[in-house]
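**Q** From just these sequences and the hints, can you work out the full model?
2 protein chains.
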Amino acid sequence: MEPRAINFKDKLATFSEHWSPKVIAEMNNYQFKLVKVQGEFAWHDHPDTDEVFIVISGNLEIEFRDSTVSLGPGEMYVVPKGVEHKPKSQQECEILLVEPRGVVNTGDVDGELTAENNVWI
Amino acid sequence: MEPRAINFKDKLATFSEHWSPKVIAEMNNYQFKLVKVQGEFAWHDHPDTDEVFIVISGNLEIEFRDSTVSLGPGEMYVVPKGVEHKPKSQQECEILLVEPRGVVNTGDVDGELTAENNVWI
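These protein sequence lines map, in sequence, to chains A and B. Residues in the first sequence are numbered from 117 upward in steps of one, following the working numbering. Residues in the second sequence are numbered from 117 upward in steps of one, following the working numbering.
Treat the hints with care, as some may be off.
Identical copies carry no separate label here, and so any pair may be met within one copy or between two of them.
Subject to a maximum C-alpha distance of 20 Å in a straight line, what follows is the list of computed SDA-like cross-link-like pairs (lysine to any residue) [as the list claims (entries may be wrong)]:
#, residue 1, residue 2
1, K125, I172
2, K204, G218
3, K197, P216
4, K202, S186
5, K204, N234
6, K197, R120
7, K125, E210
8, K125, G188
Keep in mind the hints are simulated off the structure, nothing from the lab. This one's a predicted model, so the numbers in the text were calculated from it and none came from an experiment.
**A** Have a look at this one:
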């Protein structure tokens, strides 16, 4: 069978819920996850790892305790490990996340926004 | 100072040479690199790591010994570690690579296409 590329738009068309990352690929022990977001997420951090956000469509703000970064399509940001952050977006925004396998979306803050981990599409 | 997003188009506008990856970000010990390619690269593999290709513009073919994968904008592919591959593109193609810090573009095949490593833009 010929190998096939992973198409972000095709994968994004397969789900609609917000704040629920879906794994589309693994590189070594890292995962690439697509997520749709809208509204405000919970404050959290990831004590053991940096986290990469790449915006595919829409606009994302990542709020820190002392500043905010704004990302549009074709832009990325690396949130350093241990840094508290709160992603938010007024309109729906589609994001590619890169982080180690096993990272939970809400970090060490368990709550209603905590998504099931390691869901592949 | 307010943190700033990393904009792929802005970064790509700062160089023109082909097959010479430029680092734009690090996550833990992994690097995100932009590269412009045109023509055919050398057959090579990376014995110790997978390698991620994400196409930003143009079209890329990754030839394997027994098959080929074609990628357009908004598509990605993970080349498994140890698998020989030869990227090629008739027209110029802009790519985001993700791989561990220290990976050389030609793997264990040193030649005229071997680029200086760890060049940041």
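**Q** Compare the structure with each hint and give your call.
**A** Here's how the hints hold up against the structure:
no., hint, in the structure
1, K125 x I172, "both (9 Å within a copy, 13 Å between copies)"
2, K204 x G218, "neither (23 Å within a copy, 34 Å between copies)"
3, K197 x P216, "both (12 Å within a copy, 17 Å between copies)"
4, K202 x S186, "within (12 Å within a copy, 37 Å between copies)"
5, K204 x N234, "neither (22 Å within a copy, 33 Å between copies)"
6, K197 x R120, "between (33 Å within a copy, 17 Å between copies)"
7, K125 x E210, "both (10 Å within a copy, 18 Å between copies)"
8, K125 x G188, "both (16 Å within a copy, 12 Å between copies)"
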